[in-house]
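Trainee: Taking the hints into account, I'd like the entire structure generated from these sequences.
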Amino acid sequence: MEELPQSWCSVALSEIVEINPGIDKSKFRDDEEMPFVPMPAVEAGTGRIDTRERRSFGKVKSGFTPFASGDVLFAKITPCMENGKMAVVPPLPRGVGFGTTEFHVLRSTEAVDADLVYYFVSSASVRHEAQHQMTGAVGQKRVPKRYLETKRFPLAPLNEQRRIVEKIETLFARLEKGEAALREVQKLLARYRQSVLKAAVTGQLTAGWRAEHAHRLEHGRDLLARILQTRRETWQGRGKYKEPAAPDTTDLPELPEGWVWATVDQVVGVFRNGLSRKPISEPNEFPILRISATRAMSVAVDDLRYYEPTKDEDLSSYWVERGDLLFTRYNGSAHLVGVCGQMRETAPVLYPDKLIKARPIAVEGLSADYLEAAWNTGMTRRHIVTNIKTTSGQQGIAGGDIKAAVFPLPPAKEQALIAELIWDAFDRIRHTLGHCETEFARSAALRQSILKDAFAGRLVPQDPADEPAADLLARIRETRSVAPRKTQRKARA
1 MEELPQSWCS
11 VALSEIVEIN
21 PGIDKSKFRD
31 DEEMPFVPMP
41 AVEAGTGRID
51 TRERRSFGKV
61 KSGFTPFASG
71 DVLFAKITPC
81 MENGKMAVVP
91 PLPRGVGFGT
101 TEFHVLRSTE
111 AVDADLVYYF
121 VSSASVRHEA
131 QHQMTGAVGQ
141 KRVPKRYLET
151 KRFPLAPLNE
161 QRRIVEKIET
171 LFARLEKGEA
181 ALREVQKLLA
191 RYRQSVLKAA
201 VTGQLTAGWR
211 AEHAHRLEHG
221 RDLLARILQT
231 RRETWQGRGK
241 YKEPAAPDTT
251 DLPELPEGWV
261 WATVDQVVGV
271 FRNGLSRKPI
281 SEPNEFPILR
291 ISATRAMSVA
301 VDDLRYYEPT
311 KDEDLSSYWV
321 ERGDLLFTRY
331 NGSAHLVGVC
341 GQMRETAPVL
351 YPDKLIKARP
361 IAVEGLSADY
371 LEAAWNTGMT
381 RRHIVTNIKT
391 TSGQQGIAGG
401 DIKAAVFPLP
411 PAKEQALIAE
421 LIWDAFDRIR
431 HTLGHCETEF
441 ARSAALRQSI
451 LKDAFAGRLV
461 PQDPADEPAA
471 DLLARIRETR
481 SVAPRKTQRK
491 ARA
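Residue numbers (our numbering): 1 to 493.
Honestly, the hints are just simulated from the structure, not real lab data.
A few of these clues could be false.
As the list claims (entries may be wrong) - Here are the simulated lysine-lysine pairs, DSS-like style, with alpha carbons at most 30 Å apart:
no., residue 1, residue 2
1, Lys389, Lys403
2, Lys177, Lys167
3, Lys177, Lys452
4, Lys242, Lys145
5, Lys177, Lys187
6, Lys198, Lys403
7, Lys198, Lys240
8, Lys198, Lys413
9, Lys27, Lys61
10, Lys311, Lys278
11, Lys59, Lys25
12, Lys145, Lys61
13, Lys141, Lys151
14, Lys187, Lys198
15, Lys59, Lys187
16, Lys413, Lys141
17, Lys141, Lys59
18, Lys145, Lys413
19, Lys61, Lys25
20, Lys198, Lys389
21, Lys167, Lys278
22, Lys27, Lys151
23, Lys242, Lys141
24, Lys167, Lys151
Mentor: Written as structure tokens, this is what we have:
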């Protein structure tokens, strides 16, 4: 710890706070509704806490963590502690509440401001140190009470503590205002991204170009005919070739001149589920994508497990090639079901059963970049969402429903231009989002710098008129030594 101002002193945290104190439970009835705080009710890194949940006192009086208004909740389990799930309990109706057993409770004495305790234990330096003091099994590690008891706290005079808290809150409010503006930019960019995709598949994005070049464009109808002809000639599936069904355009909106409606099935030559055997974690020569690797407009080739083939197993059909499109078949979240991403890498990788590989027909003018965009928006996406079903708690869609999905097919040159305009826009979005992330990181660093200065005595000036922290502690100890012992500390009202 840095050298402290003369009026400060270093103390063990247990000298100025009670750690995991009890409450007086005798005044509550079993049927009384009490505030209850599960771990998700404490927001990571912000100090925000939701105390609206209620449970009867009879159900929480044993086996849960009691706390009082003004206490500091400190998440002790990984990864919640590392993520900064700490908060000061706001005023409660009866002054007390209960929460998960994965909280340590810190109750301030007269020597220290509760908000300052919160800022101290939630600082990155304390969380980093606490992480290295955790005990227990992997995935269930916890910060022991002993760490908090012995952690040294830089104690300022009480009046200075209040000035420090006020200054921290003022500076943090300014940072929060900037962060709120960044979050608004992120929202606007997300809406802009969707508007670009919508404009792309409705023809608005290229309306001016199309009007200028209409007389030189191959009609989408002719392009589709070439695709279907190639599909017949290159068919390598089982059994007799079956012509894909044409889309029912009865209730579909009118398309721009030169565009036609098509189905996914009409433009793909390969459409099949992946490998169904469970992957392994140990690296080998058969990398296989996780389902989480595929998201709308992206495939993350570093999101991998590994596959252990059986003897003589033929994997030739399960390698993903550059330009292949992957659909998600199942996911816990409906908005991630049936999304499509394109493989843009050449690294060999397999794919699992919860993904579907769709390989476009190799025809000049059919753009995988355009298909990727079209299949994540418009009528295609609406069709997929409508056909999602829940099985054993999983959201999923049948391959046949994906193949029947319709999408607008523009002329070949217009597809290429649409894809170029989309990715130019997405590059600008990524650049701006990257700038936002840089500013968020800078803001987070500034917060930690403010806290470092606060607990080193550099954030606000010292006032010689303030009672030194050592004198305050001595006075409190003397008062306690002559006060009658209490069998149990009662909760604050």
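Trainee: All hints, please: hold or fail.
Mentor: Structure-based check of all given hints:
Distance hint between Lys389 and Lys403 is fulfilled; the C-alpha atoms sit about 16 Å from each other, no more than 30 Å. For the hint linking Lys177 to Lys167, the alpha-carbon distance of about 16 Å falls within 30 Å, and the restraint holds. For the hint linking Lys177 to Lys452, the alpha-carbon distance of about 21 Å falls within 30 Å, and the restraint holds. Of the supplied pair hints, the one linking Lys242 and Lys145 is violated, its CA atoms being roughly 69 Å apart against a limit of 30 Å.
Among the hinted pairs, Lys177 with Lys187 is consistent with the structure: their alpha-carbon atoms are about 16 Å apart, no more than 30 Å. Restraint check for Lys198 and Lys403: the C-alpha separation of about 21 Å stays at or below 30 Å, so the hint holds. Taking the CA atoms of Lys198 and Lys240, the gap is near 38 Å; set against the 30 Å cutoff, the hint is violated. For a cut-off of 30 Å, the pair hint linking Lys198 to Lys413 stands: about 19 Å separates their Cα positions.
Proposed proximity of Lys27 and Lys61 is supported: the alpha carbons are some 12 Å apart, at most 30 Å. Taken as a hint, the Lys311 and Lys278 pair is honoured in the structure, with Cα atoms around 16 Å apart against an allowance of 30 Å. Restraint check for Lys59 and Lys25: the C-alpha separation of about 13 Å stays at or below 30 Å, so the hint holds. Under the criterion of a C-alpha separation no larger than 30 Å, the hint pairing Lys145 with Lys61 is consistent with the structure, at around 21 Å.
Only pairs whose Cα atoms come within 30 Å are accepted, and Lys141 paired with Lys151 is accepted, the gap being roughly 19 Å. At most 30 Å may separate the alpha-carbon atoms for a hinted pair to count; Lys187 and Lys198 meet this at roughly 17 Å. In summary, the hint linking Lys59 to Lys187 is not supported, as the alpha carbons are separated by about 41 Å, beyond the 30 Å threshold. Among the hinted pairs, Lys413 with Lys141 is inconsistent with the structure: their alpha-carbon atoms are about 58 Å apart, more than 30 Å.
A hinted pair counts as satisfied when its Cα atoms are at most 30 Å apart, and Lys141 with Lys59 qualifies at roughly 27 Å. The straight-line distance between the Cα atoms of Lys145 and Lys413 is roughly 67 Å, outside the 30 Å bound, and the hint therefore fails. At roughly 8 Å between alpha-carbon atoms, Lys61 and Lys25 fall within 30 Å of each other, so this suggested pair holds. The hinted pair formed by Lys198 and Lys389 meets the criterion: a straight-line CA distance of about 25 Å does not exceed 30 Å.
For a cut-off of 30 Å, the pair hint linking Lys167 to Lys278 is broken: about 55 Å separates their Cα positions. The suggested pairing of Lys27 with Lys151 is violated, with an alpha-carbon distance near 34 Å, which exceeds 30 Å. Under the criterion of a C-alpha separation no larger than 30 Å, the hint pairing Lys242 with Lys141 is inconsistent with the structure, at around 58 Å. Proposed proximity of Lys167 and Lys151 is supported: the alpha carbons are some 24 Å apart, at most 30 Å.
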